[in-house]
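Chains as they are written, first to last, in our numbering: chain A, 11 to 169; chain B, 2 to 438.
If you are wondering where the hints come from, they were derived from the structure by calculation, not from laboratory data. It cannot be assumed that every hint is accurate.
[Said to hold, decoys possible] Here are the simulated DSSO-like cross-link-like pairs (lysine-lysine), alpha carbons at most 27 Å apart as the crow flies: (1) A/Lys-61 / B/Lys-287; (2) B/Lys-73 / B/Lys-139; (3) A/Lys-57 / A/Lys-158; (4) A/Lys-149 / A/Lys-89; (5) B/Lys-408 / A/Lys-158; (6) B/Lys-189 / A/Lys-158; (7) A/Lys-61 / A/Lys-74; (8) B/Lys-70 / B/Lys-438; (9) B/Lys-139 / A/Lys-149; (10) B/Lys-73 / B/Lys-151; (11) B/Lys-338 / A/Lys-70; (12) B/Lys-139 / B/Lys-70; (13) B/Lys-189 / B/Lys-139; (14) B/Lys-310 / B/Lys-287; (15) B/Lys-408 / A/Lys-149.
[Stated by the list, open to error] Derived, one-sided and incomplete: chain B residues facing chain A with beta-carbon distance under 7 Å: (16) Thr-255; (17) Ile-257; (18) Ala-297; (19) Ile-298; (20) Val-300; (21) Ser-301; (22) Thr-314; (23) Gly-320; (24) Asp-327; (25) Thr-358; (26) Gly-385; (27) Glu-388.
C-beta atoms are modelled at their ideal positions from N, C-alpha and C, and glycine is treated no differently.
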Amino acid sequence: MKSLKTLAMVAVLGLGLAMGAGCAKNADELAPAPVAAPAVSTKAISKALTKNVVYFDFNKYDIKAEYRDMLQGMADTLKQYPSIVVLIAGNCDERGTEEYNQALGERRARAVYDYLVRLGVPAEQLDVISFGEDRPAVKGSNEEAWAKNRRDNFTIMAY
Amino acid sequence: MRIRFFHGLRAMLSFVFALVFAVQVQAATLIDIYGPGQNQIKLSLASPLTGPEQEAKGLGAELHQEIDKNLKFLPFMNLVPPAAILGGTVLSGWQSEGIDFRRFQIAGADLVVTAYWPAGDSENSTVELRVFETFSGKFVFGNAYAGVTKQEVANVADRFCDDLMYALTGGRGFFSSTVAFVKGDGQKRDVWLVRPTGRDLRQVTDLPGTALSPSWSPDGRYIVFSHRDDRTYALGVWNRLDNKVTRIRFPGNTVIGPCFLPDNRVAVSLSTGRYPDIFLLDRQFKRERALEQSSAINVSPSFDATGTKMAFTSSRLGGPQVFLKDLNTGVVTRVSKEGPYNSEPCISPDGTLIAYTKGTPQGFRIFVYDMVTGFDQQVSYGPGNDEQPAFAPDSYFVAFTSTRSGKQQIYLTTRHGGPARHMPTGPGVASFPRWGK
Numbered sequence: 011m012k013s014l015k016t017l018a019m020v021a022v023l024g025l026g027l028a029m030g031a032g033c034a035k036n037a038d039e040l041a042p043a044p045v046a047a048p049a050v051s052t053k054a055i056s057k058a059l060t061k062n063v064v065y066f067d068f069n070k071y072d073i074k075a076e077y078r079d080m081l082q083g084m085a086d087t088l089k090q091y092p093s094i095v096v097l098i099a100g101n102c103d104e105r106g107t108e109e110y111n112q113a114l115g116e117r118r119a120r121a122v123y124d125y126l127v128r129l130g131v132p133a134e135q136l137d138v139i140s141f142g143e144d145r146p147a148v149k150g151s152n153e154e155a156w157a158k159n160r161r162d163n164f165t166i167m168a169y
Numbered sequence: 002m003r004i005r006f007f008h009g010l011r012a013m014l015s016f017v018f019a020l021v022f023a024v025q026v027q028a029a030t031l032i033d034i035y036g037p038g039q040n041q042i043k044l045s046l047a048s049p050l051t052g053p054e055q056e057a058k059g060l061g062a063e064l065h066q067e068i069d070k071n072l073k074f075l076p077f078m079n080l081v082p083p084a085a086i087l088g089g090t091v092l093s094g095w096q097s098e099g100i101d102f103r104r105f106q107i108a109g110a111d112l113v114v115t116a117y118w119p120a121g122d123s124e125n126s127t128v129e130l131r132v133f134e135t136f137s138g139k140f141v142f143g144n145a146y147a148g149v150t151k152q153e154v155a156n157v158a159d160r161f162c163d164d165l166m167y168a169l170t171g172g173r174g175f176f177s178s179t180v181a182f183v184k185g186d187g188q189k190r191d192v193w194l195v196r197p198t199g200r201d202l203r204q205v206t207d208l209p210g211t212a213l214s215p216s217w218s219p220d221g222r223y224i225v226f227s228h229r230d231d232r233t234y235a236l237g238v239w240n241r242l243d244n245k246v247t248r249i250r251f252p253g254n255t256v257i258g259p260c261f262l263p264d265n266r267v268a269v270s271l272s273t274g275r276y277p278d279i280f281l282l283d284r285q286f287k288r289e290r291a292l293e294q295s296s297a298i299n300v301s302p303s304f305d306a307t308g309t310k311m312a313f314t315s316s317r318l319g320g321p322q323v324f325l326k327d328l329n330t331g332v333v334t335r336v337s338k339e340g341p342y343n344s345e346p347c348i349s350p351d352g353t354l355i356a357y358t359k360g361t362p363q364g365f366r367i368f369v370y371d372m373v374t375g376f377d378q379q380v381s382y383g384p385g386n387d388e389q390p391a392f393a394p395d396s397y398f399v400a401f402t403s404t405r406s407g408k409q410q411i412y413l414t415t416r417h418g419g420p421a422r423h424m425p426t427g428p429g430v431a432s433f434p435r436w437g438k
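Could you build all of it, start to finish, from the sequences and the hints given here?
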């Protein structure tokens, strides 16, 4: 497990440096870079994965086609680094009643969970939770805010 | 030991007094609050007395004030202002022969309440409370309360008002109930208790995370609730006996909307891998069997007093709608028939009505569905969003939350609707009112 973690950290460091430096640099230029502390690596991979968000229509939990490539990329990363565990959090907009929104958030989280499992991600790497309407990404009572709050977001629980 | 004996003696004395003194408590009801028309009754509180024309100004005055405060929560009760009584409210007697009923008749009062403290109104005194019809002079109801102390004045007022409501309407429970609710906003929310009149406000859980959907056990010993932290859901169980909270996890993580059945078991929505379905738990809070399972969301179970009818919310037709399941036959019928969004059902304890939340173009509103006639009636009118209806034990009052004042607060209305009254719960957001002992 420890070696996997080390592998993941090194790989993520590479990913982070590549993102930070742009595509002009090649692997040789990255090779002399010192091995980063674990916290830096975790931050890098978290940033890469947690920036993904899946948005839903009102009272819906089906995944739109536009998110398939993004989820495929997530699945590839997760399969490459099996020590990573991701929490998928389903969220709703402020409209709707609280208990039903908790259930709807759960369905949204499970929709992405099921999709990632079908793409080959081991279930042990995934966890789900619904925050209902309690953790909006954006404050506001208009369609623009609601659309940004009906979402699945991702948190790294282990690496 | 001596204190225990004293309390036991006092309770026994109170019981004996009640037996000897209470008359016609179960006489024909004077006011029908359950029928289609909501009647009104005018009541006058005579000044408390320690003797003829001797006004009680100690505990008597405090009890008078508490009763006055309590009765203002009854929407069918109009209190006649003392200034409207010609000759005043200080009487020469407390029984029918000593009461000048004409002064109350002239003011339009239907009933008058007298309070007599035979040994004065200092600590540990006895008070006799009586109710009379002003036009006939007929004695309606009375009770004596022994060993009244300053700390117990409000409780005596609650007991009297509960007895009075029962004598007048045939229903009781409002003044003897304790409401569990959730206080706080966002990610830190806890379960609190309060009397419906706003007294005895106290916090019972203090957990990191969010408490939701409390439900009382019928015996008043437990409150179960859904609890969520940053990663997990659990069923929270608060035990009144030791004031401790146990957090019980379930496979699938999600725990939504627990609700006690009349037999002290719990139904709750748990995740089965795809959709949350409603499960019955055994007495050790372990999953026993599914009560409602389908390829849709099933949440928010509510039961009648027999435990054979379960109302719940389901998305089986697309959006959320309210359904009723006969647990004996398994037959499921749709309750909410109009509108794309109906949820949060609550069956009245007498099993005749279902209060639920309906989405309208003006926001969420509380409706009451009559299971006998099949008619819907709107009982809340905003503004803002009105949600989370909960029937009181008397099947008459309905508590609900509303954002009409800006932040979510708890309000009271009745099965007939009418003006909503704010339930005092202290500063902060209040939600999920649930009635209990």
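Now for the hints, and whether the structure bears them out:
1. Between the alpha carbons of A/Lys-61 and B/Lys-287 the distance comes to roughly 38 Å, so the proposed pair goes past 27 Å and is violated.
2. Of the supplied pair hints, the one linking B/Lys-73 and B/Lys-139 holds, its CA atoms being roughly 24 Å apart against a limit of 27 Å.
3. As the CA atoms of A/Lys-57 and A/Lys-158 are separated by approximately 19 Å, the hinted pair is consistent with the 27 Å bound.
4. Restraint check for A/Lys-149 and A/Lys-89: not satisfied, since their Cα atoms lie roughly 35 Å apart, outside the 27 Å limit.
5. For the proposed pair B/Lys-408 and A/Lys-158, the alpha carbon gap of about 23 Å is at most 27 Å, so the pair holds.
6. Between the alpha carbons of B/Lys-189 and A/Lys-158 the distance comes to roughly 23 Å, so the proposed pair stays at or under 27 Å and holds.
7. For the hint linking A/Lys-61 to A/Lys-74, the alpha-carbon distance of about 18 Å falls within 27 Å, and the restraint holds.
8. Under the criterion of a C-alpha separation no larger than 27 Å, the hint pairing B/Lys-70 with B/Lys-438 is consistent with the structure, at around 21 Å.
9. For the hint pairing B/Lys-139 with A/Lys-149, the CA-to-CA distance comes to about 62 Å; that exceeds 27 Å, so the pair is violated.
10. The straight-line distance between the Cα atoms of B/Lys-73 and B/Lys-151 is roughly 22 Å, inside the 27 Å bound, and the hint therefore holds.
11. About 21 Å separates the Cα atoms of B/Lys-338 and A/Lys-70, which keeps this hinted pair within 27 Å; it holds.
12. Of the pairs offered as hints, the one joining B/Lys-139 and B/Lys-70 holds, with about 25 Å between alpha carbons and a cut-off of 27 Å not exceeded.
13. Only pairs whose Cα atoms come within 27 Å are accepted, and B/Lys-189 paired with B/Lys-139 is rejected, the gap being roughly 55 Å.
14. Note on B/Lys-310 and B/Lys-287: the hinted pairing holds, with a Cα-Cα distance of about 22 Å set against a maximum of 27 Å.
15. Of the supplied pair hints, the one linking B/Lys-408 and A/Lys-149 holds, its CA atoms being roughly 15 Å apart against a limit of 27 Å.
16. At a threshold of 7 Å, the smallest CB-CB gap from B/Thr-255 to chain A is about 5 Å, leaving the interface hint in force.
17. Given the 7 Å rule on beta carbons, the hint for B/Ile-257 holds: about 5 Å separates it from the nearest Cβ of chain A.
18. Among the interface hints, the one on B/Ala-297 is violated; its C-beta lies about 10 Å from the nearest C-beta in chain A, farther than the 7 Å criterion.
19. Because the closest C-beta pair between B/Ile-298 and chain A is about 4 Å apart, less than 7 Å, the hint holds.
20. Given the 7 Å rule on beta carbons, the hint for B/Val-300 holds: about 5 Å separates it from the nearest Cβ of chain A.
21. With a least beta-carbon distance of about 5 Å to chain A, the hint placing B/Ser-301 at the interface is held under the 7 Å criterion.
22. Taking 7 Å as the C-beta cut-off, the interface hint given for B/Thr-314 holds, the closest approach to chain A being about 6 Å.
23. The restraint placing B/Gly-320 at the interface with chain A holds, with a minimum CB-CB distance near 6 Å, inside the 7 Å limit.
24. Evaluation of the B/Asp-327 hint against chain A yields a violated restraint, the C-beta minimum of about 22 Å exceeding 7 Å.
25. With 7 Å as the threshold, the beta carbon of B/Thr-358 comes within range of chain A, its nearest partner Cβ sitting at about 6 Å, so the hint holds.
26. For the restraint placing B/Gly-385 at the interface with chain A, the shortest Cβ-Cβ distance is roughly 11 Å, beyond the 7 Å limit, so the hint is violated.
27. The interface hint given for B/Glu-388 is met, as the beta carbon of that residue sits about 6 Å from the closest beta carbon of chain A, less than 7 Å.
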